[in-house]
Amino acid sequence: MTDETALQRVKFYQTGTHTVGNRLMDKARRSVQASMDRSNAITSGHRACQGCGEALGARYALDAALRASDGQLVAVNATGCLEVFTTPYPETSWQIPWLHSLFGNAPAVATGVAAGMRRKGRADVRVVAQGGDGGTTDIGFGCLSGMFERNDDVLYICYDNEAYMNTGVQRSSATPPTARTATTPAVGDAPGNIFGTGKNLPLIAMAHNIPYVATANVADLHDLEDKVTTAMDIRGARYIHIMVPCPLGWGSAADATIHVARMAVESGLFPLFEAEHGRVTRSKKIRRRVPVEDYLRPQRRFAHLFKKGQEDTERIARLQRMADANIERFNLLGERETP
Amino acid sequence: MFQVRIHGRGGQGVVTAAELLSIAAFLEGKHAQAFPSFGSERMGAPVVSFCRLDEKEIRLREPVTAPNAVIIQDPTLLQSVDVFQGLNSDGFILINSTRTFDELGIADFVAGFPAHHVCDVGASELAMKHVGRPVPNAALLAGFAAISGQLHMDSVEDAIRQKFPGAVGEANVAAAREAYEIAAAA
Amino acid sequence: MLKQTEGSQAVAEAIALCRPEVVCAYPITPQTHIVEGVGALVKAGKIENCEFINVESEFAALSVAIGASAAGARAYTATASQGLLFMGEAVYNAAGLGLPIVMTIGNRAIGAPINIWNDHTDSMSMKDSGWIQLFAETNQEAVDLHIQAFRLAEELSCPVMVCMDGFILTHAYERIDVPSQEEVDAFLPPYDPIQVLDPVEPYSIGAMVGPEAFTEVRYLAHEKQLQALRRIPEIGAVFKDVFGRQSGGLIHSYRTEGAETIAVALGSVNGTIKEVIDGMRDDGAAVGSVSICSFRPFPLDELRAALVGAKHVVVIEKSLAPGLGGIVASNIRMALRETAVPVYTVIAGLGGRPITMNSLREVLEAAGNMRLPDVQFLDLDHGAVEREILRAKQTRRAGPTAENILRNLGHAAVAGND
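Residue numbers (our numbering), protein chains in the order written: chain F, 8 to 346; chain P, 3 to 188; chain A, 334 to 751.
Hints were generated in silico from the structure; no laboratory data involved.
A portion of the hints provided could be inaccurate.
[Said to hold, decoys possible] To list a few chain A residues with every Cβ distance to chain F over 12 angstroms, as calculated:
#1 Asp510
#2 Glu593
#3 Gly642
#4 Glu719
#5 Gly732
[Unchecked claim] Now the in silico label distances, taken between C-beta atoms and shown as ranges:
#6 A:Glu516 <-> P:Gly13: 35 to 45 angstroms
#7 A:Val550 <-> P:Glu57: 50 to 60 angstroms
#8 A:Lys376 <-> P:Gly114: 46 to 56 angstroms
[To be verified] Only pairs whose alpha carbons sit at most 27 angstroms apart, straight line, appear in this in silico DSS-like list of lysine-lysine:
#9 A:Lys376 <-> P:Lys165
#10 P:Lys131 <-> P:Lys165
#11 F:Lys127 <-> A:Lys379
Cβ coordinates follow ideal geometry from the N, Cα and C atoms, glycine included.
The following block holds chain F by itself, in its conformation from the complex (with noise of 0.2 angstroms):
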C-alpha cells in the first residue's frame, strides 16, 4: 500500500474524462461503493434502462443521505420512472422505508413523515423526498413551494432529466428550448422546445430563502455526495436539483450519459451551486469550457438543430448565449471573487 498523506498532497488528475481516480483521494472522501459495509438504499435488480441517470443519481444521493443520518432515513417518492423501476410489484429495490403517495404530493407527504416521527419522538428519523422534473417543476410544485415556505424538515431532491420519460417523453416545465419530446417534435418553424418558456426551480427554491438549496450532475457524484451530506446536516426544507441524463428521452448513447452530464456542466448550460438562505454561496468551476454543440451533438432530441448543410445555427447560437449567461450570472469560469 502507499502512503496516503503522500497520496493527498499530489493532485493526480485522469486527464480524458476529468474523473478523479478513487485511490486518488482523501480517504474520507473515496467513493464507498466497493466497500463491504457501504450503505446501499436502492438495491440491484431494479428495472431502470441501461445507462439511466436517475437511478445512478438517486443511488448516490440517498447512500449520502443514508450515511448521513446513520441509517435513520425514510424515502418519499413521487410517481415517475424512479418509483416505478424499483417497485416492480412484488419486488422492491428500497432498503430503507419508502413511501409513494401520488404524482404531484411528494413533497406534503414527507412532511406528513416528518411531523409524524417528531410526534413519535423520532425526530432522529431524517426524510428525504424525491421526484423527477414534471413531478417536481410542474404538478408537485405547489406543495413543494408549501413545503419550501413553511421550511418544514425535508430534504427535497428533483432527478431532472427534462422531460415526462416515464409517459414517453413528454414536454415538461423543465424541457429546454429546441429540445424534441413527443409533444414538442422537431417539426415547423420553430422546432422542438421553444425558447421563454420554462421555469428554473432551483432559483425558485431559493427566492423561499430556505436553508440550502444546491444543485448537482451524476458526472461529479463526489460533488453531488457532498452536497447531499451538507444538506443533511442542516435541518429545514432543502433543496438539490440533480441533472439525470435519460438515454431514452435524449437519444443519447447508453455508455454516454457521464459524458453527456459533463458536457452539460462544462458547456455552462447547467450550472452546478449551492446557496443558503437565497444567497448564491459557492459555485463549482468549469474545468475546462467547451461549446454548447459538444453537449447538444450527442443527443438525438436536438439532431434536427445539426441537419447537414443546414445547420440552425441561429438556435444553436441563442443556446450559447444562455450558457454564456450562466457562466457570468453563477461565475463558472472564477472570473470574479465572490460567487
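Starting from the known structure of chain F, fit chains P and A onto it as the hints suggest.
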C-alpha cells in the same frame, strides 16, 4: 317551542346575540338551538339569526318562518327588510332605538300587538355608555327577557359573562341591567 | 360535560380528546371553524404532542395526513365541497394505502354555480373511494362519531369520513355533552399501526401493482368495508357502555312499526323528518323514517329488514346524479332488489334550499296516495326552469344558465311586487 328571529347588520353581533340567547336558556335547563342565516355576508349587510327555545330536545332544522318574537338590532332595516314576516299576532317586537314607534313609522302596525309585547330600547346608546362600543346585543337580550318572560335576568347575566369573560362582560352586564329596567318599565 | 356550544367547536373539542398527533388545516367554508378550533387548542397547549400544520391546499392537507399516518401518527383533517374534490386524488390514495386518517366533511354543495350552502354532493362524489362514510344526524352524534371513527379507522386500517351538514350542524349552537378525557381514553386506545415507516423494519409502501394482483387488492378493500359493517354496530355498543348513550351504528329506525310509508335520509334532515312523522302519526297516518348513519359501508341487510314491510319508501336526498336521479335511492333499491317495494327519489335541500316540514309532509302524503313520481325535486320552481328551457330553445347563444335563472327570478320578484 318559542322561536326568535334577530335582524341586524353584519358586524353588529347578530349571530352572537342568538348564541347568547341560547346560552341563557341552556343555563335555565332549557333546550335551545341558535343558528345564523347561513351566508357570506360582509360588514353592513342585512343579517338574520334564529333561536329556538323548548323544554324538550329540538330536532327541527328548518329556518324560523313563524317567529314568536323578532329582535331588530338596526331600525334602518325597517325600510328595507320585511322584518315582521310571519310574526304571530301575539308575538313580541323589540327594536334597538330611542325613537318612538310613531317616529319609526310603525305605530299603526305595532298597535295590532299586545302593548306590553312591543318595546324599543336604545341598546346601542346603552352599550356606548357602558361598553364604549355600539354593540347592542347584550342589552337587547335583557330587553327580550324583560318583555317576553322567557328568560330570567340572572341567566342573561351569566350567559353574557360566559361569552365575554372579564371586564368586557361586566360592562355588557351593566348595559343589560339598565336595558332590563327600561324594558320592564315600558 | 353538558354545554351550549357551536357544533364545530364541539367537534374540535372531540378531536382534541382523541389525542391527534398531526392535524392539517386549509380553510374552506363551512368546515373552517373546526380546524380553527383544533388549531387554537394546539396553540394553547391543550393538546399534548400534536402538530398543527397550515398547508397550501386541501390536496396538501390530506397528503400531509397520509405521510403522518404512514409514520405511525394519528392524523386528522377536515374539509368540504370544492376542497374535497381538490384533494380527491389523495382521498382515493389514502384508502388504497389503508391509512386510518379521520376527516370531517362539513357538507356543502359543489359548483358551478358556486354555492357555499349545505347539500351532500361533496361526500357523494367520494362515496366509492374506499373511505368509510358516517353521517351525523345531530351535533351530539357528530361529536360521538368522531370518537368512534378513530377507533374504527385504526382497528381496520381504513380511513373514515365523518359527514356533518354544513351550517345546519357546523354553525348551530346547541346543548352538547362533550365527554371527559378519561372517558375517551377508556374507549380509544393509542394508535397501533399495522404498517409503519420504520428504519428498523423497512417497508416499501405504495408500490405499483399490475393486473396480476390489482383485483385481489381491490377485493380486500371491499372485504374491509364488509368487516366495518360488522364492527360499526359493535363499536357503537362499546361506546354506549362507556358513554351511556346510543350514537352511531348503521341505521336508526323511527316509528317504522306498521309504517306503510317510510322516509329514508342521511344527516340532519332526519330531525325535521321525525317532527313530520310525529305530526302525521298524530293524524293517524302509518308513517316512519330511517336515518342512515353508515353510508359506506352500505348496510343492505339492515335496510332491507327495516324497509321490507313498507308499501312506499321515499328517499329524501341532498344530492343529485344528473341523468339518473337519486344516488341514495339507487343504493336503497339494491337493498330492496328482491322485493316489490317501490322506492321514490325526492331531491331536496340542494345548495342550502330549506327543507320544510310542510314540503316533507306533502311528499310523504303524495307517496301514500300513489301520486309521487319516481324522481321529484322538492319545491322546484317549475316556472323558472320552463322559462329558461324555452329561452334556450329560441336562441343558440343563450348564455350562462345560472345567471339567466337568477335574472329570471329577479324579474319575477319585481313583477310580483307590482
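Results of checking the hints against the structure:
With a least beta-carbon separation of about 29 angstroms from chain F, Asp510 of chain A lies farther than 12 angstroms from that chain, consistent with its non-interface assignment. The beta carbon of Glu593 of chain A sits about 50 angstroms from the closest Cβ of chain F, which is more than 12 angstroms, so the claim that it is off the interface holds. Every beta carbon of chain F lies more than 12 angstroms from that of Gly642 of chain A, the smallest distance being close to 47 angstroms; the non-interface claim holds. Here Glu719 of chain A stays apart from chain F, with its beta-carbon at least about 44 angstroms from theirs, past the 12 angstroms limit.
Annotated as non-interface, Gly732 of chain A keeps its C-beta farther than 12 angstroms from every C-beta of chain F; the closest such distance is 33 angstroms. The hinted window of 35 to 45 angstroms between Glu516 of chain A and Gly13 of chain P holds, with their beta carbons roughly 40 angstroms apart. For the pair Val550 of chain A and Glu57 of chain P, the supplied restraint of 50 to 60 angstroms holds, since their beta-carbon distance comes to about 54 angstroms. For the hinted restraint 46 to 56 angstroms between Lys376 of chain A and Gly114 of chain P, the CB-CB distance of approximately 53 angstroms keeps it satisfied.
Between Lys376 of chain A and Lys165 of chain P the alpha-carbon distance is near 21 angstroms, which keeps this suggested pair within the 27 angstroms criterion. With a C-alpha separation of about 20 angstroms, the suggested pair Lys131 of chain P and Lys165 of chain P falls inside the 27 angstroms cut-off, and the hint holds. For the hint linking Lys127 of chain F to Lys379 of chain A, the alpha-carbon distance of about 18 angstroms falls within 27 angstroms, and the restraint holds.
Of the hints listed earlier, there is not a single one the structure fails to meet.
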